[in-house]
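Sequence lines, in order, name chains A and B.
All the letters of the first sequence, read from the start, carry residue numbers 10 to 319 under my numbering.
All the letters of the second sequence, read from the start, carry residue numbers 1225 to 1727 under my numbering.
It is worth saying that the hints were derived from the structure and are not from the lab.
A virtual CB, placed ideally from N, CA and C, is assigned to each residue, including glycine.
Any given hint could turn out to be false.
[As the list claims (entries may be wrong)] Now the stretches of chain B that chain A is said to cover, found in silico as 3 or more residues with beta-carbon under 8 Å:
{"no.": "1", "segment": "1572-1582"}
{"no.": "2", "segment": "1656-1662"}
[Stated by the list, open to error] To list a few chain A residues with every Cβ distance to chain B over 10 Å, as calculated:
{"no.": "3", "residue": "G18"}
{"no.": "4", "residue": "V93"}
{"no.": "5", "residue": "N200"}
{"no.": "6", "residue": "A203"}
{"no.": "7", "residue": "R236"}
{"no.": "8", "residue": "N285"}
{"no.": "9", "residue": "L303"}
[Stated by the list, open to error] In silico lysine-lysine, DSSO-like type, Cα no more than 27 Å apart, as pairs:
{"no.": "10", "chain 1": "B", "residue 1": "K1594", "chain 2": "A", "residue 2": "K16"}
{"no.": "11", "chain 1": "A", "residue 1": "K187", "chain 2": "B", "residue 2": "K1594"}
{"no.": "12", "chain 1": "A", "residue 1": "K187", "chain 2": "B", "residue 2": "K1584"}
{"no.": "13", "chain 1": "B", "residue 1": "K1708", "chain 2": "B", "residue 2": "K1656"}
Chain by chain, the residues:
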Amino acid sequence: MTDFIRKFGTLLALVAIVALFAALSPDAFGSANNLINITQQMTLLSIVAVGATVVMAVGEFDLSTASIVSFGGILVVFLLKLGVTPPLACLAVLAGAAVFGAISGLIVSRFEVLSFIVTLAMGTIIGGITFWLCDGATLFGSIPDGFRNIARGHVAGLPTLTWWLIGTSVIAWVVLDKVELGRRLYAIGGNREAARLAGVRIVSNTVVAFMISAVFSALVGILLTARIGSANPTGGGGYLLNAYAAIFLGMTAFREGEANVAGTLVGSAIIAVIGNGLTILGVSTFLQDIITGLIILAAVLVRRAGRARG
Amino acid sequence: MLDIRGLEKSFGGVRALAGANLSVEAGSVHGLLGENGAGKSTLIKALSGLVTPDRGEIRLDGSICEIHGVQHAEELGFRFIHQELSVVPYFTAVENAFVGRSYPRRGPFFNKQAMRNMVAGTARDIAPDLPLDLPVGRMTTGQKQLVEIIRALMGSPARLVVMDEPTASLSDGEARRLHSAVRGLAERGVAVIFISHRLDEVTEICDHFTVLRNGATVGGGAIGETNRGHLVELMSGRQEVVVARPQPHTGSEVVLDVDGLAFGDRGNRVSFQIHAGEILGLYGLVGAGRSSLMKIIWGARRQGVGRISLDGVALRSGRISDRIDRGGAYVPEDRRTQGLITVRSIAENLALTNLPAVRKWSRLPIISWKALAERAAAVKSQLTIRMASPFARPLTLSGGNQQKLLFGRWFGRGIRLLILDEPTRGVDVGAKAELHAIARDFAARGAAVLLTTSDMDELLALANRVLVIAGGEVTATLSGDELKPARIIDAAFQHQERKVSVQ
């Protein structure tokens, strides 16, 4: 029983939160329309969080995610304005982000510098490049409708954005749980020295993890631009702390103390539901922040207590 | 002043102390000797309050004294200087001397001038030429030792200073300066327990000595009444037991060829070869550079000059994958920090070195959980590992079974070279025998085995040939009838002495 709660407690918490809001505001919160709304709201955050989860698996932090989201959004418009075709522009953005990720991963693993500092510095550099590209202004215009449709409308009954979330989550889940790469990433995260002595290549595996995170963040930048039809150099700002909040909440779910894709999804759902529900109840945004912060602290403390007993 | 009688202590069935006696006088330097695992550290820990003895008594000035903890030991005037120095690198000698002590104050602030004067007063007697205002991080190891000694004399009056191998990593000149500081301590009336593996310095600076073997005191007295040969005899002690010793190995091809390989801090070189089916033992006291040499050979640490080849192919420096691709295997010295991924399952730990073996389809790098469990089951039955489920975490197993996992993960590959660093540390006798059988089995199937261990019995039970390292140099190569504890210990304690090369 305790085992069950330890594994599925976070999921139960999500269900309880949903039930609570549905009871408090059955008409507005509980409507099918609003539930779809919530999945839309959590999509972009979730993709960033899922990417950062891969980096968490090797025991590192990627704090450059938000900057890469903004960078991706700006660069894609910049290229479109130059007349590059949308598919090529998107590919170029993802490749550019992959290079940034590779540089961070290389510095972190090859020179054994704290990932915190490396990605914070990388994020600052990328932020500078982003402002340089757009001259600090919001970019709009010359965004073709075909491009905008990658983040609008529905495909096979589900919002297009939801399909992106499903796709990226499946990729991350396969990487972490199904292929050899994942075993190596978790081994490095579990005990870097032991993994190294057992012949796991620390540098190349860490680099791949950072590349995945960077590419996912850049994808979110592209989707964000496509969805709102313009790009802002600080558009990704909100994605850093909430993504890590989702990951930390998720680390309390399914597998003890380990970043995992399913847990991260539950974590970001909790954050999205709380945000949506409190807005519907008319709670002011600053109170929402306080409540979200308290919930994350509570989740971490519950995990501590569970571990002390185990 | 201090009198220890009949101290006993067991850790989970392993007797670390089995009747240790030690008697130290104020104002004298007492040498505490014994090979690795003889019980010196446990005895010291009993004095520092980290270990509570099962039996026996510690008397201080004639009355029985129970030491309740580190704080209490400190109040009694006991000071400990460990091998891993605990100085703050950014602090100067003066600042370090007061860490954890009460500071002289002027109002609410500490008084820097008074601090410096107090330290300078102590340093004048002990180490007059020590730079007091230099950050300790920029000092040599020898100077850091002196800072520790000065620190030991700050605060409440020190009555007993215990030094654990203070000269192990010092140059001769620095060691000499330390010796005079130690003598200075004794002249102030402090009792000093001096642990060292350098017999020459023990006979030089100590007044008395005590030798431990297998946790018990086997000899002691005034240093003037003994000599080097006598001490070696006391430490090794073993009667020449007649057991079926592994025979010297000849005839088969060379698997590992180490040629002029640099290791250690002093830029020493080592050369040796291991043949197929042979177990080569590497013996040296702690600090002799064994583990670092093993790591260089495994490619976990970059090498300087020299060549390492496996089956005639040169291995690149610092490339572990080179070794694994050519059939290398490695069991690291500390299973918790270097061996096991403790947060992953047993099955994953067993598969980590050979992930392609647990693929679902051989062409795609997709893991099959079924193959993972099957591999764990196969290793489990071959090595008789007692485990509940292959998906439990490794720390749920006993130490011996955890150690078997580290061997087991190399199963199913054609192993040519097996490197063992302390393969049975902290496991019980039964598991030890099983692990020895596994190691012999690897050798019987044609692997060259390189073994290093602090356990003399293990060395003698496994090795066909033994290389002894002391002071960063190979001081003896022994095999066959020459493989006797006294010969090995004698060579291991040769520090900057006559170099004997026995072929």
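Verification of the supplied hints:
no., hint, result
1, 1572-1582, "holds (count 6)"
2, 1656-1662, "violated (count 0)"
3, G18, "holds, 19 Å"
4, V93, "holds, 34 Å"
5, N200, "violated, 5 Å"
6, A203, "violated, 5 Å"
7, R236, "holds, 34 Å"
8, N285, "holds, 34 Å"
9, L303, "holds, 28 Å"
10, B:K1594 to A:K16, "holds, 22 Å"
11, A:K187 to B:K1594, "holds, 12 Å"
12, A:K187 to B:K1584, "holds, 10 Å"
13, B:K1708 to B:K1656, "holds, 21 Å"
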